[in-house]
Amino acid sequence: DIVMTQSPDSLAVSLGERATINCKSSQSVLYSSHNKNYLAWYQQKPGQPPKLLIYWASTRESGVPDRFSGSGSGTDFTLTVSSLQAEDVAVYYCQQYYTVPNTFGQGTKLEIK
Amino acid sequence: VQLVQSGAEVKKPGASVKVSCKASGYIFSSSGITWVRQAPGHGLEWMGWISTYNGNTNYAQRFQGRVTMTTDTSTNTAYLELGSLTSDDSALYYCARGKNNYGDSPCDHWGQGTLVTVSS
Numbered sequence: 012d013i014v015m016t017q018s019p020d021s022l023a024v025s026l027g028e029r030a031t032i033n034c035k036s037s038q039s040v041l042y043s044s045h046n047k048n049y050l051a052w053y054q055q056k057p058g059q060p061p062k063l064l065i066y067w068a069s070t071r072e073s074g075v076p077d078r079f080s081g082s083g084s085g086t087d088f089t090l091t092v093s094s095l096q097a098e099d100v101a102v103y104y105c106q107q108y109y110t111v112p113n114t115f116g117q118g119t120k121l122e123i124k
Numbered sequence: 209v210q211l212v213q214s215g216a217e218v219k220k221p222g223a224s225v226k227v228s229c230k231a232s233g234y235i236f237s238s239s240g241i242t243w244v245r246q247a248p249g250h251g252l253e254w255m256g257w258i259s260t261y262n263g264n265t266n267y268a269q270r271f272q273g274r275v276t277m278t279t280d281t282s283t284n285t286a287y288l289e290l291g292s293l294t295s296d297d298s299a300l301y302y303c304a305r306g307k308n309n310y311g312d313s314p315c316d317h318w319g320q321g322t323l324v325t326v327s328s
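Taken in order, these protein sequences are the chains called A and B. Numbers given in the working numbering equal positions in the first sequence, counted from 1, plus 11. Numbers given in the working numbering equal positions in the second sequence, counted from 1, plus 208.
Bound-form chain A, shown alone:
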């Protein structure tokens, strides 16, 4: 199985500041022939199901604010929240869908400082 490791486990950032979450996969999730990274980011708020934010490592899902962006390729990926808002407090998960099982990272809890 591909192991997804996120860092840090928790993060406190001031309102309006940048938040950066990292995700590393134990093997590449880049499908070379398609030149696509099979990597998604989800946001989960308490008591709610996860919400898809980013897929193909950097494609923003429809309706997701543009302060959320994804980057990276191969085995190293980053989710950036450019200007943290109060409503962004949540746990964030990366997921690879390159191969079965489609494993998730352990989650990063994002809070307000």
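Simulated from the structure, these hints should not be mistaken for laboratory data. Any given hint could be a false lead.
[As the list claims (entries may be wrong)] Straight-line Cα separation of at most 25 Å, DMTMM-like style, residue types lysine to aspartate or glutamate; simulated pairs:
id	chain 1	residue 1	chain 2	residue 2
1	A	K56	B	E217
2	B	K230	B	E289
3	B	K226	B	E289
4	A	K120	B	E253
5	A	K62	B	E253
6	A	K62	B	D312
7	B	K219	B	D296
8	B	K226	B	E253
9	A	K56	B	D316
10	A	K56	B	D296
11	A	K35	A	D77
12	A	K62	A	E72
13	A	K47	A	D77
14	A	K35	B	D316
15	A	K47	B	D312
16	B	K220	B	E253
17	A	K35	B	E289
18	A	K56	B	E253
Bear in mind the structure is a predicted one, so any value in this text is a computation, not a measurement.
Since the structure of chain A is already known, use the hints to place chain B on it.
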């Protein structure tokens, strides 16, 4: 798009549970259904995927032999059945729609979750 799951279940160890996920607002056969579970206070665990087009499945190895995913295209409903339950199976079970019907896609809509509690 809406995925509405069945209600909470309480089961005894060794029993089986069947969770349903009724889809609406889109063409059911155009997108696969993934099942993900989340133990209390823990992260997300991918259990498997089913094609709503032809019924093909992919299960996580750790659930092989005790998990069955099915669909009923006449009612646009997907089902997850998990057997030989232990207390470790107590969790919130989510169904989620894939962006395609090939399995290699993220999940863009999620059900509300079904709480399964295993207790003697």
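Structure-based check of all given hints:
1. Restraint check for A:K56 and B:E217: satisfied, since their Cα atoms lie roughly 23 Å apart, inside the 25 Å limit.
2. The suggested pairing of B:K230 with B:E289 holds, with an alpha-carbon distance near 15 Å, which does not exceed 25 Å.
3. Restraint check: the Cα-Cα separation between B:K226 and B:E289 comes to about 4 Å, which is no more than 25 Å; the hinted pair holds.
4. Distance check on the hinted pair: A:K120 and B:E253 sit about 17 Å apart at the alpha-carbon level, within 25 Å; holds.
5. As the CA atoms of A:K62 and B:E253 are separated by approximately 15 Å, the hinted pair is consistent with the 25 Å bound.
6. Proximity of A:K62 to B:D312 is assessed by CA-CA distance (about 18 Å); at most 25 Å being required, the pair is judged to hold.
7. The hinted pair formed by B:K219 and B:D296 meets the criterion: a straight-line CA distance of about 12 Å does not exceed 25 Å.
8. Of the pairs offered as hints, the one joining B:K226 and B:E253 holds, with about 18 Å between alpha carbons and a cut-off of 25 Å not exceeded.
9. For the hint linking A:K56 to B:D316, the alpha-carbon distance of about 16 Å falls within 25 Å, and the restraint holds.
10. Simply put, A:K56 and B:D296 have alpha-carbon atoms about 23 Å apart, close enough for the 25 Å limit, and the pair holds.
11. This hinted pair checks out: A:K35 and A:D77 have alpha carbons roughly 23 Å apart, not beyond 25 Å.
12. Under the criterion of a C-alpha separation no larger than 25 Å, the hint pairing A:K62 with A:E72 is consistent with the structure, at around 10 Å.
13. Restraint check: the Cα-Cα separation between A:K47 and A:D77 comes to about 21 Å, which is no more than 25 Å; the hinted pair holds.
14. Of the pairs offered as hints, the one joining A:K35 and B:D316 holds, with about 22 Å between alpha carbons and a cut-off of 25 Å not exceeded.
15. Distance hint between A:K47 and B:D312 is fulfilled; the C-alpha atoms sit about 12 Å from each other, no more than 25 Å.
16. This hinted pair checks out: B:K220 and B:E253 have alpha carbons roughly 22 Å apart, not beyond 25 Å.
17. For a cut-off of 25 Å, the pair hint linking A:K35 to B:E289 is broken: about 32 Å separates their Cα positions.
18. With a C-alpha separation of about 17 Å, the suggested pairing of A:K56 with B:E253 holds against the 25 Å cut-off.
In this structure, the one hint that does not hold is number 17.
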